[in-house]
Amino acid sequence: GLLVFASYDDLSKNGRFDKATGNPRPYHYPNHTTPYVSYGVKNNCTSASPSCNIYSAYRNVDHRSGTALFWVKRDPVIKNELRIKGDPKKTYKDANSFKYETLFWTPGLQVYRFPDWSDKPGYVQVIYQEAFGDGPYGPRQVITIPYSKKEQYEWTHWAVSWDVKRKHLMVYKNGKQVGAAPATGRPWYAFPWDLGGLSGGWDLIINSMDHGRKCATLRDEVYIYDRPLSANQIMKNMQKAKK
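Those letters in the sequence shown? Residues 265 to 507, by my numbering.
No lab work stands behind these hints: they were computed from the structure.
Computed from a predicted structure; not experimentally measured.
Watch out, some of these pointers could steer you wrong.
Calculated cross-link-like contacts (lysine-lysine; reagent style DSS-like; alpha-carbon spacing at most 25 Å) [what the hints assert, rightly or not]:
#, residue 1, residue 2
1, 283, 414
2, 437, 354
3, 357, 384
4, 384, 337
5, 384, 437
6, 384, 414
7, 440, 363
8, 384, 431
9, 478, 277
10, 431, 343
11, 437, 478
12, 357, 431
13, 349, 337
14, 414, 504
15, 277, 504
16, 357, 343
17, 431, 306
18, 506, 306
19, 431, 354
20, 306, 500
Pairwise CB distance ranges, derived in the manner of DEER restraints [as the list claims (entries may be wrong)]:
#, residue 1, residue 2, range
21, 342, 273, 29 to 37 Å
22, 395, 475, 20 to 28 Å
23, 496, 344, 22 to 30 Å
Beta carbons are placed, not taken as given, at the ideal position from N, Cα and C, and that holds for glycine.
Between the sequences and the hints, there should be enough to build the whole structure, so can you do that?
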């Protein structure tokens, strides 16, 4: 069930996945690259600037079901915080606008980080876009998780699992379930955001600053599976980085 693994330990790979069922190579926008630093959660990791880790979603992620797992931490080299004060009741309505920092991004599944301010608490927002869901009134599944400034400056393990048929979307932080999509009586209407094509197909973005995207975080130990993992499996995945 493993589709992608990226340790980001080997600098000679220049961002390539260690394992991938699809294309392992990232596209680097001009003047960007995959920058490495030595203070990862395990060994090396990718830093925030001038990052451009844009991969192909084709065969590397499945829009119908899966689990994405990765480690995140605020890049200590970047002293200024993003000038974003999020409102969880509004931010999901204009996802895909590049205004927010993406921790993980596909056209149909996004994980955004919002900074912690004295008057606006920080949070992570996970959005599964359904068919025709890109807009203020489209159907989507949204989960919002508190994410304090202290947490953001520490390594945090995030896992998101989804299954359209089972109407399942769950979020785990440091191995513990912290959010789930509410029950709904209707089917979920997924669209195939994992296709290929002459232009390279849909994007899978781990972290990037291209075209004005926001990025102020490190990324490490990325895994993508084609099925939802259990809570025990997610905990074991988190513990791998500590060995």
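How the hints compare with the structure:
no.: 1; hint: 283 x 414; verdict: violated, 33 Å
no.: 2; hint: 437 x 354; verdict: holds, 23 Å
no.: 3; hint: 357 x 384; verdict: holds, 18 Å
no.: 4; hint: 384 x 337; verdict: holds, 19 Å
no.: 5; hint: 384 x 437; verdict: holds, 21 Å
no.: 6; hint: 384 x 414; verdict: holds, 14 Å
no.: 7; hint: 440 x 363; verdict: violated, 29 Å
no.: 8; hint: 384 x 431; verdict: violated, 31 Å
no.: 9; hint: 478 x 277; verdict: holds, 24 Å
no.: 10; hint: 431 x 343; verdict: violated, 40 Å
no.: 11; hint: 437 x 478; verdict: holds, 22 Å
no.: 12; hint: 357 x 431; verdict: holds, 20 Å
no.: 13; hint: 349 x 337; verdict: holds, 19 Å
no.: 14; hint: 414 x 504; verdict: holds, 23 Å
no.: 15; hint: 277 x 504; verdict: holds, 21 Å
no.: 16; hint: 357 x 343; verdict: violated, 29 Å
no.: 17; hint: 431 x 306; verdict: violated, 34 Å
no.: 18; hint: 506 x 306; verdict: holds, 7 Å
no.: 19; hint: 431 x 354; verdict: holds, 23 Å
no.: 20; hint: 306 x 500; verdict: holds, 15 Å
no.: 21; hint: 342 x 273: 29 to 37 Å; verdict: violated, 22 Å
no.: 22; hint: 395 x 475: 20 to 28 Å; verdict: holds, 25 Å
no.: 23; hint: 496 x 344: 22 to 30 Å; verdict: violated, 40 Å
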